[in-house]
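**Q** Construct all of the structure, not just a fragment, from the sequences and the given hints.
Chains as they are written, first to last, in full-length UniProt numbering: chain C, 1 to 159; chain V, 1 to 138.
Honestly, the hints are just simulated from the structure, not real lab data.
All figures in this text were calculated on a predicted structure; none of them were measured in a lab.
Yeah, the Cβ is synthetic: ideal placement off N, Cα and C, and Gly gets one too.
Among the hints, a few may not be true.
[Stated by the list, open to error] Restraint-style ranges between C-beta atoms, simulated for each label pair:
#, chain 1, residue 1, chain 2, residue 2, range
1, V, GLY133, C, PRO120, 37 to 47 Å
2, C, ILE130, V, ASP78, 48 to 58 Å
3, V, LYS121, C, ASN146, 51 to 61 Å
4, V, VAL95, C, LEU12, 41 to 51 Å
5, V, VAL25, C, ASN51, 28 to 38 Å
6, V, TRP80, C, LEU12, 27 to 37 Å
7, C, GLU47, V, VAL95, 36 to 46 Å
8, V, ASP78, C, SER118, 51 to 61 Å
9, C, VAL140, V, SER136, 53 to 63 Å
10, V, LYS86, C, SER118, 29 to 39 Å
11, C, LYS4, V, VAL95, 32 to 42 Å
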Amino acid sequence: MVGKIIVLLLRLAVAAVFLYAGVMKIWDFRHGQSATPDFTLAIQHFEILRNPDLPVLLAVYLPWLEVTAAITLFVKRLALGAATAVTVMSVVFLGAIGSAWARGLDISCGCFGKDEVSIPYSSMMLRDGILLAAAVVLLVWEARRNRALIPNSKAESLS
Amino acid sequence: MIRALRQLAIVLGIALLPALISGAVQLKWNAEVPSKKDEVTIAMVHNNWSDHVLWVDARTRAKYDHAHIPEAVLLNEDEWNSLVAKFLDAWDPDVPVVVYCDGGSCDASHAIADRMRSELKIEKVYVLKGGWGAWSGK
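**A** Listed below in structure tokens is the structure:
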């Protein structure tokens, strides 16, 4: 019971972070316009993607993936896939920020749109590390839940 | 594992639909999406710096004399040596520099921006996507 409550709280927290991050990258509410150009620039500043088209494609797709993953975390049939998505995204975010930190780049991560408060790399790593830990807990929980469902479905199909 | 991957594929697919629609809509306003690292759009100049930038016109003197962005400084490849001092007089380290050329596929703005970075060691240098065409057509 306690475990379920903790997982529910983690699910709510992770979903809220990803939903907010995705929406803020899609739309610039302060200026009433698309936030894609600014997010494209933020991705370019990481200097990881060499192909000039990739940052644009990623800036268009990634925010919607964040929003979709946040919502489907609450859809039982897709929660395992959503937990996998948020875990992979968290790893990628950590890797990108760590790489920028290691190269001494003076950039904002663009994680929560243009208006995010600028914080040091150590704080960004800590924040994304916590997010990754929560995502991994959700992933393990969903994997176990799905594993537990397999015998039931097999039994149902046999009866 | 297979179940996780199958669900992940579904999640990725669901996200693709709004992303495609969003991408298609934004392609219509391609000028709003910078495609190179140092490019900015007119909207970004307005929103990020409240239009408080030093405009640099990298076109020919004839085109500059005909029309240019208000208060823009002329600095092109042909007259670099004679114009660079005037540019440095106008330059303020705290104000971003935005270089423009004709627009479309012109490279003059990128060339001037590169020289500013390498020879003048100026870091806050950007290129206006769409160049003069984006400005005059706004």
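**Q** Give a verdict on every hint.
**A** Outcome of the hint check:
| no. | hint | in the structure |
| --- | --- | --- |
| 1 | GLY133(V) with PRO120(C): 37 to 47 Å | 40 Å, holds |
| 2 | ILE130(C) with ASP78(V): 48 to 58 Å | 56 Å, holds |
| 3 | LYS121(V) with ASN146(C): 51 to 61 Å | 57 Å, holds |
| 4 | VAL95(V) with LEU12(C): 41 to 51 Å | 45 Å, holds |
| 5 | VAL25(V) with ASN51(C): 28 to 38 Å | 23 Å, violated |
| 6 | TRP80(V) with LEU12(C): 27 to 37 Å | 59 Å, violated |
| 7 | GLU47(C) with VAL95(V): 36 to 46 Å | 24 Å, violated |
| 8 | ASP78(V) with SER118(C): 51 to 61 Å | 40 Å, violated |
| 9 | VAL140(C) with SER136(V): 53 to 63 Å | 58 Å, holds |
| 10 | LYS86(V) with SER118(C): 29 to 39 Å | 35 Å, holds |
| 11 | LYS4(C) with VAL95(V): 32 to 42 Å | 56 Å, violated |
Violation of the numbered hints given earlier is confined to hints 5, 6, 7, 8 and 11; the remaining hints are satisfied by the structure.
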